[in-house]
Structures are given as structure tokens and as C-alpha cells.
Amino acid sequence: MPEYLNIEEQIQDYIDGFCNENEAAEIERNIAVNPAWKASFASLSEIHQVLQSDFEPLDPSMRFGKNVMDQIAGLKIAKPTRQYLNPVVIWLIGGILVTMLVFIIGYAVSLADWSATGSATTLKIPEVQMPAVNWGSYINNNTTMLFLLLNTVLGFTLFDKWLRRKKAAI
Amino acid sequence: MTSTTSEQELIARILKGEQQHFAVLVERYQSMAFTIAFRYTRNREDAEELAQSAFVKAYRSLADYRGDAKFSTWLYTIVSSLGLSFVRKKKLDTLSLTNEKVQVAADGMGGGFTANTIETKSKVQMVQKAISMLGTDDAQVLTLFYQGEQSLDEIGKIMGIDPNTVKVKLHRARGRLKKMMETNFAEEISNLQHA
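Chains as they are written, first to last, in the working numbering: chain H, 1 to 170; chain D, 171 to 365.
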């Protein structure tokens with residue numbers, strides 16, 4: 001039985017049947033020998049018994065069932081939600097988002113200043129000679145257009161795939 | 171048709187277009203759906219309307235019921251969701267009721283008498299009244315556990331909370347109910363004990 005549970009919670013678990021055999025045996029032993037446990041058990045089992053034997057659900061009016069059936073008489077069961085959540089569309093949106101994310105991160109990395117700063121006591125990071133590539137120079141109208149073109153092609157490809165699959169299903 | 175399998179068969183037939191079988195499900199769960207709805211609305215008219223809407227919504231969305239949970243759990247989730255919307259719409263107080271509100275809640279139970287002149291005819295009515303005086307969450311968790319035959323996990327799904335939280339809520343709700351009964355129905359309890 002977990003240590004953090006107080007007496008009442010342990011007894012309540014026992015009454016509700018949430019204990020394993022060992023825990024139940026330990027609680028039964030405590031109830032038998034300890035007056036505090038015994039009193040707590042009596043109090044908790046009383047309300048539990050009341051709820052089990054004297055707690056009944058409320059009844060709606062006699063016309064309830066008929067009213068429901070009248071209301072659904074002209075209705076049709078809707079198509080399952082999974083049918084109009086097309087996975088291809090999700091993949092398409094996901095693909096575009098990932099491409100955009102890669103593009104943005106790449107651009108942000110290209111703008112970062114990698115030279116070390118701070119006092120002499122700071123931990124020295126081993127310098128790695130990166131190839132002298134000016135990534136910023138690649139970001140221009142042409143690359144932006146190329147990026148958009150790639151995304152459009154990707155979009156059309158997936159859309160085409162989806163249409164073919166739909167046609168095959170019909 | 172009492173087993174889960176037969177309920178699945180029933181649902182399969184409804185999905186095939188045999189709408190009349192839905193009446194069996196309505197008949198089976200109307201009391202619990204109505205009781206859960208009542209926990210939110212605290213009056214019979216609104217509770218009845220809310221429970222009916224839940225059944226209509228359940229019928230419309232029946233194709234979405236995957237069968238991995240009990241139908242009752244799925245239905246009660248719909249009722250609870252509509253109940254919460256109702257409470258938000260009406261801006262009702264979902265927290266524990268104050269003593270003043272307790273009187274109103276007891277009056278709303280119907281039965282032809284007011285809270286001041288409660289003449290509890292039976293222990294069942296007394297328990298029902300005491301539960302209606304609890305806060306929505308307390309009443310809901312007790313209703314689902316003792317009446318709805320729902321496990322802690324299922325109650326968690328219905329109420330959108332963790333099963334461990336359900337356990338704590340259940341424990342506290344019983345404590346509050348006991349206190350409520352001792353405070354407000356001491357005389358009735360005494361009479362019943364002497365009867």
C-alpha cells in the first residue's frame with residue numbers, strides 16, 4: 001500500500017475493491033486491531049452502502065423515448081469523421097510545413113555569427129574551420145522562387161496522387 | 171440483448187439503416203443520460219431536452235463510435251459535453267453550492283414540496299436530494315461510479331480528467347455527501363433509523 005495514502009484513502013480503496021490481496025489483508029488486520037481504523041471503516045462503508053442500495057437514477061418523462069425517436073426519424077447517420085479527414089491532405093500540409101521549417105532554420109543558421117565572444121576565462125570552444133560559404137548570398141529572388149516552385153510541384157504531385165487513389169477507389 | 175456483443179450487433183444493424191433498433195439503446199440508457207444531464211441543468215425540463223439532444227447527436231455520430239469503449243461511456247461523454255456547454259451558456263455556477271443555492275436545488279427536484287418542508291418519504295429520495303445539493307462534479311462522479319457502472323478510467327474519459335483525479339474526487343464527494351446528509355437530513359436519518 002503506498003505510504004502517501006492516509007487511513008481513509010486506504011480504507012476507501014479497500015471498500016471499492018481497488019486493493020490487491022496483500023493490501024486487503026493488511027487493511028483487514030488494521031481494522032481488526034486498531035480502533036481508529038475500525039471507526040473509519042464503519043463510517044466509510046456506511047456511506048458506500050447507502051450509495052449502493054439507495055441511490056437510483058432519475059427517470060425522464062414517459063414520452064422521452066418517443067420524442068427521441070420522433071427527432072431522429074428524418075435524420076440520417078453522418079459519415080464517420082475519419083472519411084473526410086483525408087490522410088493525403090494531412091501529409092500535403094505536413095510536407096509544406098516541414099519544407100518551410102527547414103528553409104527558415106537554414107536561413108537563420110546562415111545569419112548566425114559563430115565567432116566566440118566573452119572574457120578569456122570562458123570555456124574555449126574548439127574552433128572549426130567552416131567552409132567559407134556565404135549562405136545569405138543564396139537567399140535571393142531566384143532561390144525564393146525555386147522554393148515556391150518546389151512546394152507547388154510537391155503540392156500538385158500529392159494532389160495528383162490523391163485524385164488517382166480516389167479514382168481507383170471508385 | 172444485454173451483453174456487449176449484442177450491443178455491437180444492435181449498433182451494426184442501426185448503421186445498416188434499421189433505425190427502430192435505436193429505441194432499444196434509448197430505453198436502456200435514458201435514465202442515466204437524464205440523470206447526468208440533470209446534474210448540469212438542475213431542472214427536469216432542461217435535463218430532458220439536453221438528454222434528448224445527446225441521443226440525437228449520438229445517433230447522428232453513430233458511425234464514429236469505434237466500439238473500443240462501452241457504448242454507455244461514449245454516450246455519457248456526449249451528455250457531459252452538452253451539459254458543460256449548457257452550463258457555459260447559462261453561466262450557471264458549477265462549483266459547490268452555497269447553502270442558499272442548496273435550497274433552490276432541492277426545490278428544483280420536483281415532487282410537490284419545497285426544501286423548507288422536505289418530508290423525505292424514503293431513504294432513496296433523501297439520497298437523491300442530498301446528491302442534488304452537491305456540486306456538479308461531485309454529483310457527476312458519484313452518479314457515474316454508482317449508477318453508470320463506469321470504471322475510474324471510463325469516468326476519466328467522460329469527464330476529461332485523469333483516473334487518479336477521479337479517485338480523489340470520488341473520495342471527497344462521498345465525504346461531502348456524508349456531511350451534507352448529516353447536516354441537512356439529520357432528522358430524516360434519525361426517523362428512518364427508528365422506523
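Careful, some of the hints might be misleading.
[Claimed, not checked] Keeping only pairs whose Cα atoms sit at most 30 Å apart, straight-line, the calculated DSS-like set for lysine-lysine is:
id, chain 1, residue 1, chain 2, residue 2
1, H, 79, D, 240
2, H, 167, D, 259
3, H, 66, D, 260
4, H, 38, D, 349
5, D, 186, H, 166
6, D, 293, H, 79
7, H, 66, D, 349
8, D, 293, D, 259
9, D, 186, H, 76
10, H, 66, D, 259
11, D, 327, D, 240
12, D, 293, H, 38
13, H, 76, D, 349
14, D, 348, H, 66
15, D, 227, H, 38
16, D, 186, D, 240
Derived from the structure by calculation, the hints contain no laboratory data.
Exercise. Which earlier hints turn out false for this structure, listed by number in ascending order?
Worked result: When the structure is compared with the hints, numbers 2, 6, 7, 8, 13, 14 and 15 turn out to be violated.
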